[in-house]
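Chains as they are written, first to last, in the numbering used here: chain A, 1 to 339; chain B, 1 to 566.
Derived by calculation from the structure, the hints in this document are not laboratory data. Hints may contain errors.
Chain A stretches covered by chain B per the calculated footprint, using a threshold of three residues with CB under 8 angstroms from any CB of chain B [said to hold, decoys possible]: (1) 211–217; (2) 281–294.
With a straight-line cut-off of 30 angstroms between C-alpha atoms, the simulated DSBU-like cross-links for lysine-lysine are [said to hold, decoys possible]: (3) A:51 <-> B:289; (4) A:128 <-> A:47; (5) B:79 <-> A:47.
Here a beta-carbon is modelled for each residue, glycine too, at the ideal position from N, C-alpha and C.
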Amino acid sequence: MKCPECNHYHKRGKDGMKCLRCERRFIFDPKKHANGGKGLTDAYFIKCIEKLSRNGTYFFTEDELYCFMAQQTRPGMAGCIIGAFIITAIITGGLHLMMALGIWPAFFVLPILVLMAVKISNSVLSRKKWAKYLRHWQQMTDNNAHKDNHLSAMLTTPQLLEKPSQANEPDIYDYGAAKLLICEHDIQVDWLVKNGFHAENGIVIISENFYPQYLTEQVQELIKNNPDLDIYTLHNSGSNGESMIGRLQNPLNNWGLGSLKIVDLGLSSEHLLKAKLNKKIIEQYNGDFPVHGIAYHQFHPVLNHCLLHGVTFTAAYATLYSSIDSGGSSGFGVSGDFG
Amino acid sequence: MSLLCGHTGQRDDARLRSMAKQARHKGLHKITHIHFKNLHLAYAADSCSSELAGIAQNEHSLIAIAGIPRCTNKTLLEKLTSGGIEDLLGSLTGSYIGVIHHQNQTYLIRDKSGRRTLFYHDNSIDLSFGTETRMLYKAASFSPSILPSSLAQYLAFSYVPGENTMLDGIKEMMSGSYYNAQKREQYRYFLPEDDPKIECDDWVTEFRNRFQNSIERTRPNGMNDFAVFLSGGIDSSIVTSALAEMYGAEKVKTFGVHFGERFPNELEHIRTVAKYTGVECEEVEVNPKSFLPCLHEIVDHLNDPIGDPVTMPNYLLAKHVAAQGYHGVYNGEGGDPIFGGPKNMTMLLHHWYGSKQSENHREKAYLASYRRSYEEINHVLTPEWQRKINAEQDLEAILSPMFRTAQPESFLKKLLIINMRQKGAHLILPKVERMLGAHGLTPLSPLFDESLIQLCMQLPGEHILKNGIEKIILKQAYRGRLPDSIIDRPKSGMRVPVHFWMKGEMKRYVRKVLSKKNLDTTGIFDPKRVKQLLNYETNEGPGRYGLKLWMLLTFELWREKVFEPD
Chain A
1 MKCPECNHYH KRGKDGMKCL RCERRFIFDP KKHANGGKGL TDAYFIKCIE
51 KLSRNGTYFF TEDELYCFMA QQTRPGMAGC IIGAFIITAI ITGGLHLMMA
101 LGIWPAFFVL PILVLMAVKI SNSVLSRKKW AKYLRHWQQM TDNNAHKDNH
151 LSAMLTTPQL LEKPSQANEP DIYDYGAAKL LICEHDIQVD WLVKNGFHAE
201 NGIVIISENF YPQYLTEQVQ ELIKNNPDLD IYTLHNSGSN GESMIGRLQN
251 PLNNWGLGSL KIVDLGLSSE HLLKAKLNKK IIEQYNGDFP VHGIAYHQFH
301 PVLNHCLLHG VTFTAAYATL YSSIDSGGSS GFGVSGDFG
Chain B
1 MSLLCGHTGQ RDDARLRSMA KQARHKGLHK ITHIHFKNLH LAYAADSCSS
51 ELAGIAQNEH SLIAIAGIPR CTNKTLLEKL TSGGIEDLLG SLTGSYIGVI
101 HHQNQTYLIR DKSGRRTLFY HDNSIDLSFG TETRMLYKAA SFSPSILPSS
151 LAQYLAFSYV PGENTMLDGI KEMMSGSYYN AQKREQYRYF LPEDDPKIEC
201 DDWVTEFRNR FQNSIERTRP NGMNDFAVFL SGGIDSSIVT SALAEMYGAE
251 KVKTFGVHFG ERFPNELEHI RTVAKYTGVE CEEVEVNPKS FLPCLHEIVD
301 HLNDPIGDPV TMPNYLLAKH VAAQGYHGVY NGEGGDPIFG GPKNMTMLLH
351 HWYGSKQSEN HREKAYLASY RRSYEEINHV LTPEWQRKIN AEQDLEAILS
401 PMFRTAQPES FLKKLLIINM RQKGAHLILP KVERMLGAHG LTPLSPLFDE
451 SLIQLCMQLP GEHILKNGIE KIILKQAYRG RLPDSIIDRP KSGMRVPVHF
501 WMKGEMKRYV RKVLSKKNLD TTGIFDPKRV KQLLNYETNE GPGRYGLKLW
551 MLLTFELWRE KVFEPD
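Let the sequences and hints guide you as you build the complete structure.
Structure follows, in structure tokens:
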């Protein structure tokens, strides 16, 4: 395995768990921390974080990192079957020599190995196991002499709790907003706000739970004062998420949005069926697949497109990845005009 | 675009002739040379110059003013003699630049809003000035070098804001300011944020009246047929509507641009406005085939590099319009910085959410909101050039005074001031002035008018931005005069498809200009990073590769023009 610090190639077992060149202590042991038939190394883990965060330019959630890694570390079925053929050839070759009975052992060994290969190729890193790995990384890096900040952009606890300092100007809240996005979970607010989605789209983002709490009054003012306010929801695919609009409109709850039009930008079971996500990963969430499990760099242009064109998540996804008119943060250069 | 250039000190006819010869813009009338005390200048009007433009002098004072200045009562010289420089400037309106000699002092002046541009170089021995930077850097005594802070600003904003230009030592006049050559300092004479508050019962009518007055004041003498650049956005649409209403729809012809069938365009909205207002409309297609052969020329005309791809459709549309015999073109430039601006909501919402805020958090948020190549400063520049840049001093410090000022009190108005004085006066208006001037056309931008800037500072905020919707006053004033679909459509901007062109029709061109060999020779940009951009594979944030490449391309073409003219 390669040392992520100095790129020195290191033979595990023979060379131990410390880099011979820079003395960095390895955290993952590919023999112990294997998943989906593939060992996990420090260098690979870091590579995944860099890819997901687009080299540190995006904040990401724990679920996002899990889904990304689980998707990345799955071995391909073709590779497994080829592997099965090679192993079969070795085993049957040995048997032939010992038993000199022709080729019949292959008829027993090959199907068994192919079946095993298919099973391995369909297996994914479980969330439970991954959580253990993650804690292991965090504990080890906390104690490690090597300073590691690869997970510094991972959002785990709410970071927007503290009220912003009072501005000198009196008119910060005077101009309202044209759009409001209500998220099912607090973490989704952090995920979008820390990545600047609110600023980019001029949209106020708050959770169903009124997080951040200090914006409650401003949001109520928005709803009261702007009859044309575009209200959107963002939620997971589970039953709680899919019934979110009903709860928001229920006059008995805190939101009481009544008959106000709400555009649903959340995930549904139907979306998941059409999505290119690995079904085994979706299964890990028992029907409550988090929207913040989608990589932000893929999610962000889709959501932009939804807001710009007032379409659903599925429609935006289809348009964005099939047409040149890739709105949102598309490739179009600049917003200048003749005034 | 008129010509004005000259110098102070010893009379040097060859130097003056050489400066005037550098004028690239077309449509100039006969060049006049004037020598007054230690001031030596060359001036030429264009077809749109107003009757006040030109040279006026008496025994003690001289005023040379170019453009479309307006002044009520008295002549300019009388005004200068009786009240001094500030009194004269206070009474001037319109779009102009000029040079004044009065009581042994030499002044350079720029109009209140910043519709015209003037550059200068002051080496403490003498002052040279000109409407084009090449008039200054081509001088034998001037040795051009790139100012690192300007390069950082260019990457952050796509233009160089403030008084500096890309070349060390060459400065640009700020809007609403004058330069005192003896004191070697610029002074702002137009401060609408300090105006006493006025009461008004009907702001909408007030806006409409001021806007129509501005259209009339902007109108060159004798102009009876009007060309308009129409984008389909609210600003150029209200200009079209007002012109049609004031002078008759049959006198107005609009010109719209699109980038070919493959790409989204605004033609539907352009046609809607034309049909509703009853004006003629002509559509012009712009594509790499049409602009690549003249890209060098476009960049040359820009003077200081402006990395906004919209310069190119401006240039080609101007060429098309000039060929039809027009001398001036109305446009909606200026509506954005005065009454809107895509960064306003971004900056307001930045204050809504809590998190640890650094001392310069506003400046940092503003720079990031620009979404040009701010983040590239630490990547695309070679380590040698990165060392020359101090982000805090070179970028944040130019914004800090405008964020920390006591007046205006309103945060929105502070943002508008930044929009007007930086983006408006150093990007939007100069861009259109130079791209049109290249074809002998004068830009007529009635929305970027000092009376509307003054109105903006007086307006209650909800007439500018309400419920997240910008330019409320424009929409209120023209609802019913334009279709609701135009009034209510969100800001779109002209989406120049550079992202697609850079990996298609422009691929070979841009790779040639930004080749490793070229970049290694100059040592400014890191070839490895530029290659990542060319391959669309930085794997960071939203790539915006097309725009970033356009900015680098513009810069490199400009650098070649200045440093390797042969």
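* Failing hints, ascending? -> Of the numbered hints, 2, 3 and 5 do not hold.
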